[in-house]
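2 protein chains.
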Amino acid sequence: RRAEMASSVAGKDEVDERCQTFMAAPITPIQNLKENIRDTGSRMELLIMETQAEVCRALERADQGAKFTVDRWERAEGGGGVSCVLQDGKVFEKAGVNVSVVHGYLSEESIQQMKSRGKNLKVKDGKLPFCAMGVSSVIHPKNPHVPTIHFNYRYFEIEEADGTKQWWFGGGTDLTPTYLNQEDVVHFHQTLKEACDKHSPAFYPKFKKWCDDYFFIKHRGERRGVGGIFFDDLDSPSKEELFQFVQSCAKAVVPCYIPIVMKHKNDAFTPEEKQWQQLRRGRYVEFNLVYDRGTKFGLATPGSRIESILMSLPLTARWEYNHVPPPKSREAEILKILKDPKDWVH
Amino acid sequence: RRAEMASSVAGKDEVDERCQTFMAAPITPIQNLKENIRDTGSRMELLIMETQAEVCRALERADQGAKFTVDRWERAEGGGGVSCVLQDGKVFEKAGVNVSVVHGYLSEESIQQMKSRGKNLKVKDGKLPFCAMGVSSVIHPKNPHVPTIHFNYRYFEIEEADGTKQWWFGGGTDLTPTYLNQEDVVHFHQTLKEACDKHSPAFYPKFKKWCDDYFFIKHRGERRGVGGIFFDDLDSPSKEELFQFVQSCAKAVVPCYIPIVMKHKNDAFTPEEKQWQQLRRGRYVEFNLVYDRGTKFGLATPGSRIESILMSLPLTARWEYNHVPPPKSREAEILKILKDPKDWVH
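Heads up: the sequence lines are chains A and B, in that order. In terms of our numbering, the first sequence opens at residue 1362 and continues consecutively. In terms of our numbering, the second sequence opens at residue 1362 and continues consecutively.
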């Protein structure tokens, strides 16, 4: 019994140590995290805080000294978050890495949205207590030869009227280049595939396709970028296996992206290339405001922190009427891929 | 009878003359317009084509020689339009004036949207033939002291399963300044009020409030601009009276806006003022992509011309994380008005 206690105390010390590395204190008091350290909620909160810190430090190093500003905020209705933003750095135009741990009651709009996704929710007096936590990030670099990355890993719990709990994981990592660099895209997908393959050979192909389908700008007939992985509503095989999988994905963010940043951050570019990047940023805005599920959930959740939700928007964007790139140009090349996504790793 | 015929022929010659002044040929063949010249649809099509031409010519004069490019397009599913765009002029960053005359079947999404607005529609086999026509325009000037204007006047007809026709008018004109100029806003609202008062003293107060309510960016808790008038689903007192009213509104566009352009187009401005304009353009994009009914209808209508729908987006926009203007600044002054709209004319 003494050995057991010792190990438990060691586990608790480890929580303190991990929290030291975070950008700010976690949302849930550390004492509570320690007491419930076996709950998926506590472990996920530590994972998303850790991921935020790892990504922010890696981006700061890549930007040679730029620093993230850190806002720790609370939500009147329950929970809060930590928003880290680096704006107008040397390498990054706008980089946001946001953690939120939010609880309360689902809005009617969110309940409808979940039902339309096939969830069967037993509502009592129209109320559904929920807890949602996640890390989400969009990194917009200055150089048009460095792609934009987005990632998001989240865990959701809903307590139904009869006391049963529904839970699921969602997430993904995807890349949005302004110009196609085959080698970069293969590296990106390969790194994600390796993270997936550790858990199931079925994951990468399934979540790669889901990503292509999800990041579709329907009114343009094109994808937002060259994809990656995306999944939602995952609740099998088991909570533990999925947590491990999500952890592998979160750990893959830095190795799938930072090498591409380092390779291209000093590439020369023309004003025309910068302008094409700005037009593509406009499409990014279109996807996020018209289709993105996370943005819609955020805008529909009362008391949500708008600045943290819309942190994903680029610093600047551009819309030209009827812009069509010349045939066989590098701009036409990437558009073709966005209209007709391909397999990058076999 | 000969006198009657003469008058009818004169009416037909008049159609030819009016069409001469348009930016392009109307969507409906001129012969058909002549044959059905007493139908509201024909008269409305001539009015929107005429409004487009009046506004484009006035803007070209204000821009000292810049020219609109004119795209006349057809829609495979029925109808078409004329899109006029002036991009990167001396005075205007992006000015779009679009006419569309579209017919076909309503999409399921549009039917649901109309039902949610309280329309009782008798559907047969899930199909509802409709005809929608309108002129819509957004003018984004370069100088931050010249406000953005938007206007839209439209006529809608739906044929129900039992052959009865529902019809209504919608529209409005509203102003979005980057900085508050009291005199300009009063001139703008006064001109619209005069157009309304010719038809009913109830119109201006009702449609002014509707405008403040409609152009609300809910997630920001602020309006898009300083308002104007807005109305939708109008089907009383009578088709004729409403057509006359809409005509007065359309004729008021040039006198309510062009004097403000002429007054400020050569005003000096600082880079900081330009940057504040770009941030406000970001909010404009948020409203149009997240809330605007016309944009949503367009994006949901199969075969619609995306470039004409998204012509309303500015050439450039900007999103800074957590931007808050200093207290008592001119930026804070306009924000206060956007959060708490006031009466401009009594």
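Derived from the structure by calculation, the hints contain no laboratory data. Owing to the predicted nature of the structure, the values given are computational and were not obtained by experimental measurement. Do not rely on the hints blindly, as some may be mistaken.
Identical chains share a label here; the pair holds if one copy fits it or two copies do between them.
[Stated by the list, open to error] Listed next, the in silico DSSO-like pairs over lysine-lysine satisfying Cα-Cα at most 30 angstroms (straight line):
1) K1526 with K1700
2) K1703 with K1428
3) K1600 with K1567
4) K1485 with K1579
5) K1428 with K1488
6) K1488 with K1612
7) K1579 with K1657
8) K1635 with K1485
9) K1635 with K1373
10) K1488 with K1579
11) K1428 with K1567
12) K1626 with K1476
13) K1559 with K1689
14) K1395 with K1579
15) K1635 with K1480
Comparing the hints with the structure gives:
Taking the shortest Cα distances, K1526 and K1700 never come within 30 angstroms of each other, neither inside one copy (40 angstroms) nor across copies (40 angstroms). In the homo-oligomer, the alpha carbons of K1703 and K1428 never lie at most 30 angstroms apart, since the shortest distance is 37 angstroms inside one protomer and 42 angstroms across protomers. Taking the shortest alpha-carbon separations for K1600 and K1567, only the intra-copy value of 19 angstroms comes in at or below 30 angstroms, while the best inter-copy value is 56 angstroms. Taking CA atoms no more than 30 angstroms apart as the test, K1485 paired with K1579 passes between copies only; the shortest distance there is 28 angstroms, against 36 angstroms inside one copy.
For a Cα distance limit of 30 angstroms, the shortest separation of K1428 from K1488 qualifies neither inside one copy, at 42 angstroms, nor across copies, at 57 angstroms. For the identical chains of this complex, K1488 and K1612 are neighbours neither inside a copy (36 angstroms) nor across copies (51 angstroms), given an alpha-carbon limit of 30 angstroms. For the homomeric pair K1579 and K1657, the shortest alpha-carbon distances inside one copy (16 angstroms) and between copies (12 angstroms) are both at most 30 angstroms. For the homomeric pair K1635 and K1485, neither the shortest alpha-carbon distance inside one copy (53 angstroms) nor that between copies (51 angstroms) is at most 30 angstroms.
Proximity of K1635 to K1373 under the C-alpha cut-off of 30 angstroms is found in neither arrangement, the shortest distances being 49 angstroms within a copy and 53 angstroms between copies. Taking identical chains as interchangeable, the C-alpha atoms of K1488 and K1579 lie at most 30 angstroms apart only when they sit on different chains, with a minimum of 23 angstroms there against 33 angstroms within one chain. Proximity of K1428 and K1567 under a CA criterion of 30 angstroms is satisfied in neither setting, with 37 angstroms inside one chain copy and 51 angstroms between copies. Neither within a single protomer nor between protomers do K1626 and K1476 lie at most 30 angstroms apart by alpha-carbon distance, with minima of 44 angstroms and 52 angstroms respectively.
When the C-alpha separation of K1559 and K1689 is checked against a cutoff of 30 angstroms, the pair qualifies neither within a copy, at 39 angstroms, nor between copies, at 58 angstroms. For the homomeric pair K1395 and K1579, neither the shortest alpha-carbon distance inside one copy (45 angstroms) nor that between copies (39 angstroms) is at most 30 angstroms. Taking the shortest Cα distances, K1635 and K1480 never come within 30 angstroms of each other, neither inside one copy (43 angstroms) nor across copies (47 angstroms).
Violation of the numbered hints given earlier is confined to hints 1, 2, 5, 6, 8, 9, 11, 12, 13, 14, 15; the remaining hints are satisfied by the structure.
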